Structures are given as C-alpha cells and as structure tokens.
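2 protein chains.
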Amino acid sequence: MISVEEAVARIVSALTPLESERVLIESAAGRVLAADTHAKADQPPFAQSMMDGYAVRSADSGTRRVIGSAPAGHPFAGTLGPGEALRLFTGSVVPDGADAVLAQEDAQRDGERVDFTETPFAGKFIRPRGLDFQAGVLLVPQGRRLTPRDLALLAAGDLAEVPVRRRPVIAYAATGDELSRPGQPRKPGGIVASSVYGLDAMITGWGGVPRDLGILPDEPEAIAALAKVECDLLITLGGASVGEHDLIQAALGPHGFSLDFWKIAMRPGKPLIFGHLGATPFLGLPGNPVSSMVCALLFLRPAIFAMLGVTAQTPFRKARLIGALKANDSRQDHLRAACEWREGDLWARPFRAQDSSMQKLFAEADALIVRKPHAPPAEDGSVVEILPLD
Amino acid sequence: MISVEEAVARIVSALTPLESERVLIESAAGRVLAADTHAKADQPPFAQSMMDGYAVRSADSGTRRVIGSAPAGHPFAGTLGPGEALRLFTGSVVPDGADAVLAQEDAQRDGERVDFTETPFAGKFIRPRGLDFQAGVLLVPQGRRLTPRDLALLAAGDLAEVPVRRRPVIAYAATGDELSRPGQPRKPGGIVASSVYGLDAMITGWGGVPRDLGILPDEPEAIAALAKVECDLLITLGGASVGEHDLIQAALGPHGFSLDFWKIAMRPGKPLIFGHLGATPFLGLPGNPVSSMVCALLFLRPAIFAMLGVTAQTPFRKARLIGALKANDSRQDHLRAACEWREGDLWARPFRAQDSSMQKLFAEADALIVRKPHAPPAEDGSVVEILPLD
Chain H
1 MISVEEAVAR IVSALTPLES ERVLIESAAG RVLAADTHAK ADQPPFAQSM
51 MDGYAVRSAD SGTRRVIGSA PAGHPFAGTL GPGEALRLFT GSVVPDGADA
101 VLAQEDAQRD GERVDFTETP FAGKFIRPRG LDFQAGVLLV PQGRRLTPRD
151 LALLAAGDLA EVPVRRRPVI AYAATGDELS RPGQPRKPGG IVASSVYGLD
201 AMITGWGGVP RDLGILPDEP EAIAALAKVE CDLLITLGGA SVGEHDLIQA
251 ALGPHGFSLD FWKIAMRPGK PLIFGHLGAT PFLGLPGNPV SSMVCALLFL
301 RPAIFAMLGV TAQTPFRKAR LIGALKANDS RQDHLRAACE WREGDLWARP
351 FRAQDSSMQK LFAEADALIV RKPHAPPAED GSVVEILPLD
Chain W
1 MISVEEAVAR IVSALTPLES ERVLIESAAG RVLAADTHAK ADQPPFAQSM
51 MDGYAVRSAD SGTRRVIGSA PAGHPFAGTL GPGEALRLFT GSVVPDGADA
101 VLAQEDAQRD GERVDFTETP FAGKFIRPRG LDFQAGVLLV PQGRRLTPRD
151 LALLAAGDLA EVPVRRRPVI AYAATGDELS RPGQPRKPGG IVASSVYGLD
201 AMITGWGGVP RDLGILPDEP EAIAALAKVE CDLLITLGGA SVGEHDLIQA
251 ALGPHGFSLD FWKIAMRPGK PLIFGHLGAT PFLGLPGNPV SSMVCALLFL
301 RPAIFAMLGV TAQTPFRKAR LIGALKANDS RQDHLRAACE WREGDLWARP
351 FRAQDSSMQK LFAEADALIV RKPHAPPAED GSVVEILPLD
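So the sequence lines, in the order shown, correspond to chains H and W. Residues 1 to 390, numbered by this note's numbering, are exactly what the first sequence covers, in order. Residues 1 to 390, numbered by this note's numbering, are exactly what the second sequence covers, in order.
Since the list gives no way to pick out one identical chain from another, each pair is judged satisfied if it fits inside one copy or across any two copies.
No more than 20 angstroms apart at the CA atoms, straight line, and that leaves these computed lysine to any residue pairs for SDA-like:
1) K270 <-> E105
2) K318 <-> E343
3) K40 <-> R181
4) K187 <-> S69
5) K372 <-> R349
6) K270 <-> M51
7) K326 <-> P373
8) K124 <-> D355
9) K318 <-> C339
10) K40 <-> P188
11) K318 <-> P388
12) K40 <-> E364
13) K124 <-> G97
14) K318 <-> R342
15) K318 <-> E340
16) K263 <-> E105
17) K40 <-> G183
18) K318 <-> A338
19) K187 <-> D42
20) K270 <-> D106
21) K372 <-> L297
22) K187 <-> G130
23) K318 <-> R349
24) K326 <-> R349
25) K263 <-> M51
26) K318 <-> V383
27) K187 <-> A77
28) K318 <-> E5
Quick caveat, the hints were computed from the structure, so don't treat them as lab data. Computed from a prediction, not measured in an experiment: that's the story for all the values here.
Can you make the complete structure from the sequences, with help from the hints?
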C-alpha cells in the first residue's frame with residue numbers, strides 16, 4: 001500500500017499536457033489557456049471621457065464656445081482651440097487640444113455658450129489611453145481555466161481566439177455481473193450502477209470529455225475489449241478489489257497491461273489500480289459508489305488537470321472542527337462533513353455515520369475532512385484540512 | 001434611486017419559476033429539480049456482504065461445511081442450514097438462514113471445510129437492506145441544482161429521469177455606435193464589445209441559455225426590433241445611462257415598454273433599467289464592462305435563479321478585512337478584492353484602484369467586498385461582507 005500523496009504524484013508524473021488548439025473566445029469558458037496571452041491593443045484605446053459633459057482646456061476660464069458634439073463612436077475630427085468646448089458623453093474620445101472634461105451637471109448651457117460652476121485641472125474626468133492595460137501586457141497566464149471575466153478581458157484586449165489545451169477524452173466502464181441501469185429490471189441479487197452518473201458529470205465539470213463504455217460483465221473477453229478503446233485515460237469502476245483485480249490482470253495482461261500500483265492507504269477506497277494499457281493510462285476505481293467518487297476527487301481530478309496543464313492550485317482548505325475526533329489509524333481518512341460559516345470562519349462537522357455505502361449522506365456533505373495517517377486526536381475548534389465538494 | 005436590496009426584490013418578485021420538463025439523469029447535471037424526488041427502491045436492495053468472506057450462522061461454532069459460492073450478482077438460491085457456510089464477496093446477497101459474515105482473512109479453508117479465527121455476532125459485516133435509504137424517502141429536494149453526487153444518488157434510488165425546470169432563454173444585445181467585435185477593424189473612436197463574452201458565459205454558468213442578438217447601433221429602429229425577440233428575459237448592455245435611457249424609452253415606448261425602475265444607489269453601475277417589453281422582462285445593464293458584470297452578478301443571477309426556482313441560498317459570505325476602509329457614502333460599494341485563507345479564516349484585501357474601467361483588475365479579483373450605504377469605517381481584521389467571484 002502506498003500513501004495518497006505518493007499515488008497522486010505517480011499518476012500526475014505519468015501524464016503530460018495535451019496538444020493545444022485555437023478556439024473562439026465565445027467557446028472558451030472553462031477551457032485551459034495553453035500559452036500566456038497578451039493584449040493586442042491599449043485599453044482604453046484613446047483618452048476617454050468618464051462623464052457626460054464637455055471637453056475643455058484647463059488653462060482656459062470663463063465662458064466657452066461650444067463647437068460641436070462627439071458622442072461615443074463619433075469622434076471630433078479637429079483640435080479644440082482656446083476658449084472652446086466640445087460636447088462629450090461617457091466613452092467619447094477626448095479631442096486633441098483638450099486636457100479636461102467638465103460634467104454636464106456642472107454646466108450651464110445657453111445656445112453655443114457654456115459656463116461651468118467647476119474649475120478644470122489637467123486630466124479631470126479623463127481616462128488616459130492604456131489606463132486599464134497597454135498592448136503587449138500579459139492579460140491571462142498559461143494554465144488558467146478561463147472564467148467569464150477572463151473572456152471579457154481577452155475580448156477587451158482584441159483577442160478573437162485563444163490557444164487552449166485539447167480536452168482529454170476519459171472513457172469509463174462499470175464492471176460487474178450485478179449491475180443494471182436505473183429504471184431497468186434488476187438482475188437477481190443485482191444493484192443499480194449509480195456512480196457512473198456522478199463520474200460522468202465530474203469529468204465534464206473538470207474539463208474532460210466523458211465517454212460511457214457501458215456496463216461490462218465480469219468476463220475476461222468483455223474486459224479485454226477495453227484494450228481497443230482510444231482515449232486519453234481509461235477508467236474501470238469496480239475492477240479493483242481482490243478478485244476483480246485478478247480478473248483485470250488476467251483479462252488485460254495479454255493486451256499490454258502494466259501495473260504501476262494497486263492499493264492505497266486510505267478510507268474509503270483502498271483498492272485502486274493505476275497503470276497503463278498499452279500506451280493508455282489506466283485507472284481502476286473501486287466499485288463502491290462513495291469510494292469511487294472520493295477516489296475520483298483525489299486522483300482523477302489531478303489527472304485531468306495534468307493533461308490540461310492547469311496551474312497547480314490546491315483544492316484543499318482549512319476549517320475549524322465542530323466536535324472532536326479520535327486519533328487516526330494508518331489509513332488516510334476522508335470524513336463526510338457539513339460545513340457552516342461563522343462570520344469569516346469556516347467550520348466543519350463530521351457526520352456520525354461514515355460507512356462507505358451511505359450515498360445519501362455523501363450527497364448531503366459539503367466537504368471531506370482529511371485525516372492523515374496516524375493523525376493525533378483533534379479537539380473541538382482545532383484546525384483540520386478539508387476538501388470542499390462541488 | 002433605489003437600494004440594491006429593493007432592486008433585487010422587485011426583479012425577483014416580477015419572475016416566476018418556468019414550467020418543468022423531464023430529463024434523463026445523464027443530462028441533468030446542473031439542472032434545477034422541479035419537485036421533491038423520492039427513492040423508488042431500498043438501497044441496498046438486500047442484506048449485503050461488506051467483505052470478501054463467508055456467510056455463517058452466528059449461533060454456530062467450530063468447523064463449517066462450505067455449500068457453495070455466491071459472487072455479487074449470483075445469489076444463492078437456497079437457505080443456509082446449521083453448520084454451513086457460503087462463500088461470499090463484497091456486495092453479495094447474504095443468503096436466507098445466515099446472519100453474519102466472516103472475513104476471508106480470518107478463514108482457513110480446506111476443501112469443503114472452513115475454520116475461523118474470529119467469532120461471529122448477528123449482523124457482523126452485513127449491510128442491512130435499506131441502510132443507505134428506503135423506498136419512498138426524500139432523496140433530493142425541489143429547487144436544488146443537481147450535483148454529480150446527486151445524480152449518483154438518484155440513480156441508486158432507481159430514477160432514470162427527473163423533473164427539472166426549463167432553462168430560461170436570456171437574449172442580450174450590446175448597444176452603441178462605438179462597438180465592434182474583437183479582432184475586427186475598429187470604428188473611429190471605437191472600442192471592442194467585451195462584456196458580452198463574460199455575460200454569455202455567466203448566463204450558461206447560472207443555468208440559463210444565452211442568445212446573442214449582436215451589436216445594435218444607437219438608432220431607434222434597431223432598438224425597436226428588440227420588441228420582436230422571443231425569450232424569457234431580454235437584456236441590453238449600454239442602454240442605461242442618461243442619453244441612452246432616453247433612447248431606449250423613445251425606441252421601445254411605442255412597442256409596449258413599461259419601466260419598473262431606473263438607477264440604483266450603487267457603485268459601480270448606478271444606471272440600470274428594469275421593466276417589461278410587452279410581457280417580456282427587460283433588464284438594461286450599464287455599458288461599462290465592469291459595471292455590467294457586477295450588475296449581472298447582483299441582479300441577473302437572482303433573476304435566473306428565480307426562473308429556475310432555485311432554493312434561496314445566499315452567495316454572500318463573510319471575510320476579515322486586510323487593511324482599513326473609510327466610511328462609505330450613500331451608494332452601496334463593491335470593491336474588487338483578493339482573498340486568501342489563513343488557516344480556517346477567509347481574508348479579503350481590497351485593491352487600491354477601483355475605477356470601473358479596470359477590467360484587468362476585475363478579472364484578477366477573487367471577490368467583491370460589499371460596503372452598505374453609509375457603512376462606518378472598517379478596521380483591519382474586522383468582518384466584512386463579500387461576494388465571491390466564480
């Protein structure tokens with residue numbers, strides 16, 4: 001048995017970022033940027049009025065003569081001369097010759113003449129060209145999953161498309177003679193395959209492309225067919241316990257299966273296989289639904305992020321413990337817990353029932369409290385590590 | 001001018017949850033459940049072995065005779081008699097007559113005979129039928145956005161499909177003679193329409209269906225065409241400042257536009273229109289990109305959630321302030337800030353530059369610090385309200 005940390009490290013080190021592809025920014029939400037991306041233009045692209053008002057020369061005083069109007073998108077072609085003012089609006093180009101804007105609420109207009117109750121200073125109510133950013137500046141760094149705000153920023157930088165990592169295709173199969181689909185007739189002694197629906201949505205949420213290979217019986221020929229699947233990572237659910245592990249090994253060994261490790265010192269989810277099937281990375285998750293989803297959080301998410309080149313950013317947080325916990329044994333524990341905020345502090349309360357069969361409690365949990373192997377007892381109010389869910 | 005709270009209340013009260021539709025659970029991630037959903041079957045559906053091992057009778061002792069093997073999905077048809085044991089695996093049906101399971105690591109097998117180093121008690125290593133949940137129990141309540149774990153739970157409850165709210169179609173148009181698309185030639189005195197790309201991704205992320213109506217010039221005929229758009233909510237970006245507001249009123253008035261309110265006591269983003277165009281709710285966002293996206297977070301998200309029937313859950317949090325803040329004026333302020341975790345505590349540091357033109361700083365922010373109107377000065381370390389971003 002190896003530790004959770006070592007398992008993550010071995011999985012991640014076996015994977016490299018996928019090739020990049022160019023996508024339009026309107027399709028880039030949630031994609032991972034494959035290269036540092038720089039602005040192509042200054043923003044704002046010209047000295048811009050911050051107000052509805054008048055462009056003036058700060059050296060002038062007294063009544064000005066209004067020489068025209070320049071709404072946003074309709075710049076004034078000439079130069080503002082001494083004693084002149086130009087009607088502007090928010091976002092208008094400040095004309096050559098002007099160095100200040102006075103607000104319309106401080107103006108008294110009378111035909112072509114305008115007086116002001118405020119005195120201008122150079123730069124007043126003007127956003128200088130490039131105030132937000134200048135052409136060439138780094139807008140969004142490589143490895144970032146693009147947020148809505150990033151997309152708006154990239155657009156403002158005049159980028160119509162960006163390089164992103166291809167999304168990894170994650171193919172998965174549930175294995176087990178006992179499995180059927182929800183709503184379909186049950187097999188004798190059978191249960192519903194449930195974790196695949198959670199896994200599929202998790203893969204999508206982490207930026208992968210899920211591919212459902214269906215439910216496979218516990219037969220070597222069915223499992224051997226996995227060797228023909230083309231994908232970036234191949235997952236089985238329920239092929240990792242003792243007997244199943246033997247079946248996977250026996251079925252896939254002749255098709256180029258090589259084992260990296262099997263069994264992790266953790267709870268829930270001890271039996272987990274990682275290796276390669278030919279050149280394809282292979283992850284054998286436990287069949288127990290809670291265990292498989294906890295293992296997906298701990299091992300599949302970093303695997304997908306490694307293929308996407310996501311800049312490392314730990315999903316783990318700290319929280320204060322509600323209640324007390326006994327010392328832990330030699331297996332890293334992941335306790336389903338409810339979280340609550342008390343002012344600016346996050347608190348986590350472990351559920352009493354932690355049996356790995358309890359899917360309902362898992363769905364109701366806000367986080368997993370992570371207890372390292374041999375962790376000492378933890379008192380009420382002490383700081384613990386958590387993994388927030390969703 | 002009305003307060004942010006009143007504006008949210010008036011928008012939300014003008015909207016009702018959309019009709020429900022049934023979707024397969026494999027398509028239900030992120031959808032909002034339209035009815036309380038109950039389990040159709042017990043989970044586990046039968047008394048289940050927790051271990052690879054042997055089913056026994058706890059009243060027995062000594063050597064047992066192995067009468068067969070029942071892997072998961074292959075239940076034993078008969079009843080376990082006195083002195084008998086049945087080979088089981090994790091997930092196997094515990095046969096009639098048996099009331100305990102002993103683990104294989106505690107068993108010494110010799111042909112048809114098996115001895116144990118452990119003594120059984122009734123219920124040992126058995127998950128009773130319905131331990132996780134029983135048929136009829138509430139699995140997921142109405143109004144919840146379905147997580148991957150919810151989908152797995154619903155599948156375990158034998159539900160192949162669920163009722164969810166139809167996703168609201170949110171049509172949006174940017175208005176302004178100065179606007180062009182990124183990568184396209186600029187107009188004289190023009191800028192790039194950028195906030196639409198952020199808005200589109202936000203709408204999708206909140207569960208709506210965005211529909212891009214393009215860029216409209218500042219002409220009454222172009223804006224009047226919006227009256228023919230069929231959608232659940234119509235948005236303009238950049239039609240809310242003084243002159244633009246007049247244009248919107250003039251262009252849409254003859255087509256059944258009715259104003260609910262205009263102008264909110266907030267920063268950034270004061271000019272915001274809410275009303276109806278015929279029967280269609282209408283939201284006029286500011287043209288400034290940061291203002292428009294902040295207003296989308298504050299007003300569009302609750303609007304979409306109201307149409308989806310999302311159970312109220314505040315997105316606001318508390319954090320501790322890094323640095324100090326002066327007393328606020330009469331407009332609610334939304335300061336772009338970076339967040340950091342110190343053990344279990346969340347801290348927020350407002351950026352120095354808060355000009356609403358700074359899109360790059362907005363993209364780099366982790367949260368908005370919310371300063372209520374007339375908020376007193378806040379000291380370093382004091383608790384402030386924040387709105388986390390993304």
